[in-house]
Amino acid sequence: MKAGIVSYGVYVPRYRITPGEIGRVWGSDGESMGEGLNVRRKSVPAPDEDTITISTEALRTALLRGAIDPQQIGAVYVGSESHPYAVKPTATVVAQAVGATPFLTAADFEFACKAGTAAIQTCLGLVGSEMIRYGVAIGTDTSQGAPGDALEYSASAGGAAFVMGSERVICQVARTLSYTTDTPDFWRREGQKYPSHGGRFTGEPAYFRHVTECARRMMEVQGTGPKDYAHVVFHQPNGKFPQRVGKQLGFSEAQMRYGLVTPDIGNTYSAAALIGLANVLDRAKPRERILMVGYGSGAGSDAFDLETTDEIAAYDRSFGRPVQWYLDSGTEIPYAVYAKFRGKIHMGGS
Amino acid sequence: MSVARFWRETPRRYNLGGSKCTNCGTAYFPPRSVCPECPAHRQSIEKMIPFQLSGEGEVLSFTIVHEPAEGFELQVPYVLALVKTVEGPVLTGQVVDASPEAVAIGLKVRATFRKLREEGKAGVIHYGYKFTPVEDLPFAAGPRGPPVPAPSEVPSRDRAPA
Numbered sequence: 069m070k071a072g073i074v075s076y077g078v079y080v081p082r083y084r085i086t087p088g089e090i091g092r093v094w095g096s097d098g099e100s101m102g103e104g105l106n107v108r109r110k111s112v113p114a115p116d117e118d119t120i121t122i123s124t125e126a127l128r129t130a131l132l133r134g135a136i137d138p139q140q141i142g143a144v145y146v147g148s149e150s151h152p153y154a155v156k157p158t159a160t161v162v163a164q165a166v167g168a169t170p171f172l173t174a175a176d177f178e179f180a181c182k183a184g185t186a187a188i189q190t191c192l193g194l195v196g197s198e199m200i201r202y203g204v205a206i207g208t209d210t211s212q213g214a215p216g217d218a219l220e221y222s223a224s225a226g227g228a229a230f231v232m233g234s235e236r237v238i239c240q241v242a243r244t245l246s247y248t249t250d251t252p253d254f255w256r257r258e259g260q261k262y263p264s265h266g267g268r269f270t271g272e273p274a275y276f277r278h279v280t281e282c283a284r285r286m287m288e289v290q291g292t293g294p295k296d297y298a299h300v301v302f303h304q305p306n307g308k309f310p311q312r313v314g315k316q317l318g319f320s321e322a323q324m325r326y327g328l329v330t331p332d333i334g335n336t337y338s339a340a341a342l343i344g345l346a347n348v349l350d351r352a353k354p355r356e357r358i359l360m361v362g363y364g365s366g367a368g369s370d371a372f373d374l375e376t377t378d379e380i381a382a383y384d385r386s387f388g389r390p391v392q393w394y395l396d397s398g399t400e401i402p403y404a405v406y407a408k409f410r411g412k413i414h415m416g417g418s
Numbered sequence: 096m097s098v099a100r101f102w103r104e105t106p107r108r109y110n111l112g113g114s115k116c117t118n119c120g121t122a123y124f125p126p127r128s129v130c131p132e133c134p135a136h137r138q139s140i141e142k143m144i145p146f147q148l149s150g151e152g153e154v155l156s157f158t159i160v161h162e163p164a165e166g167f168e169l170q171v172p173y174v175l176a177l178v179k180t181v182e183g184p185v186l187t188g189q190v191v192d193a194s195p196e197a198v199a200i201g202l203k204v205r206a207t208f209r210k211l212r213e214e215g216k217a218g219v220i221h222y223g224y225k226f227t228p229v230e231d232l233p234f235a236a237g238p239r240g241p242p243v244p245a246p247s248e249v250p251s252r253d254r255a256p257a
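Each protein sequence line maps, in turn, to chains R and X.
Okay, so the first sequence: first residue is 69 according to our numbering, each after it adds one.
Okay, so the second sequence: first residue is 96 according to our numbering, each after it adds one.
These aren't lab readings, by the way, just hints derived from the structure by calculation.
Worth double-checking, as some hints may not be accurate.
Said to hold, decoys possible - Simulated crosslink set (PhoX-like; lysine-lysine; CA at most 20 Å straight-line):
1) X:216 x R:156
2) X:210 x R:412
3) R:408 x X:216
4) R:412 x R:261
5) R:408 x R:261
6) R:408 x X:210
7) X:216 x R:412
8) R:156 x R:261
9) X:210 x R:156
10) R:315 x R:295
11) R:261 x X:216
12) X:203 x X:179
13) R:353 x R:295
Said to hold, decoys possible - Chain R side only, calculated, beta carbon under 7 Å to chain X, not exhaustive:
14) 82
15) 115
16) 121
17) 167
Idealized CB from N, CA, C, for every residue including glycine.
Using the sequences and the accompanying hints, generate a full structural model.
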């Protein structure tokens, strides 16, 4: 495949809350919950942040790093399950805010946690067929779990933007393939504030089946095995699932190390696998092979067989912050402030 | 503010779109069509070009707002600053992601894209620039609320039964 990643950028909101603090409010052992999920803290967006602002920050970083003229962007796709508007695209605001308008196509994607990887696949098609020069795929979320629900311990906020193109490619996409079924493991109906899920049903028949089937098919088609990859990145709804699925597939801790970011920032949904990939690319040297497998409830997995090119050695990462900075920094807030920021407090009025 | 009025300002609010006098080099934000700095203002006519500010600057002065404007209730206390941009123009904007105590004159800041306000729950959402400190702030306990108590300090009625 001719098309690949030309540049990327990440943004994670500044505030953090710990599972221990969440559990304290709901009378449960939050620390054990956090240990069980392998989540030490999760990011919390400020009241003036949403999917649009996070996407814009991530994309601005990507464009500056890659020295990309925004007017050369032919498509902007934003994948999220927390678009601020039900009707009115996130992608148009983002495109305008980075100076990419008006001659481009833009749309919002939704496929639970894999809308961002679906946007990458779409951009690969458009770039590969030479319909556009650069395509932007963004995965961003500010999702929430209902107060007291297990999801509340991990649902966080963050975004990653990938600029796809065929010139100055820093990471080649050798192949992408998907595994999709109708599996009702997690959903949110129109007008509902919080999602619903099938509890343990989200595990074996959903996440594990789709990720393993998709990864195995990829390695079968490519004639590769776990040992051929320097890094592996999975969708990470918590810190435990990706470790378990990695072990099932035969990957080592070392291969999974940099692709796992959820323990420090929580589950960023559509951005989760993409921020993991960005963390790998922050450290990758030329000619390193990477397997990424995203997952979205509902359900489907997108696998990508990637390899960094010699271009990555010259890629300027100096603008914007590395993923590790977001993992190490932050401002911890108590539950009351978190509830205020996330609109969980009824303020009165109409 | 009407939808159309805000929409007309999006080049400024989203992208810090100002103007620059090619006669004397002075930058303006918001954009001007005539340069007041040129000795003869006429010299600048048709020489003003669109110019985008980088968003880099430092705090020239600031105030801490305790009585919020409508729509800013969740952010109190917040910092409103005059930011002197590296290109020259002085902008008014909120400084976010920093506690008010951390903001000082001379603090280096960078423009960030944020939600400015919403026209109620059903109305349009307005976006634009605010500022955030440039320096890397280390991991810190929250300035906007009391520190998170250690588990042993938590009143027993809030804890899970042992």
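These are the hints, each one checked on the structure:
no. : hint          : verdict
1   : X:216 x R:156 : holds (15 Å)
2   : X:210 x R:412 : holds (18 Å)
3   : R:408 x X:216 : holds (16 Å)
4   : R:412 x R:261 : holds (10 Å)
5   : R:408 x R:261 : holds (15 Å)
6   : R:408 x X:210 : holds (16 Å)
7   : X:216 x R:412 : holds (14 Å)
8   : R:156 x R:261 : holds (18 Å)
9   : X:210 x R:156 : holds (16 Å)
10  : R:315 x R:295 : holds (13 Å)
11  : R:261 x X:216 : holds (13 Å)
12  : X:203 x X:179 : holds (10 Å)
13  : R:353 x R:295 : holds (17 Å)
14  : 82            : holds (5 Å)
15  : 115           : holds (4 Å)
16  : 121           : holds (5 Å)
17  : 167           : holds (6 Å)
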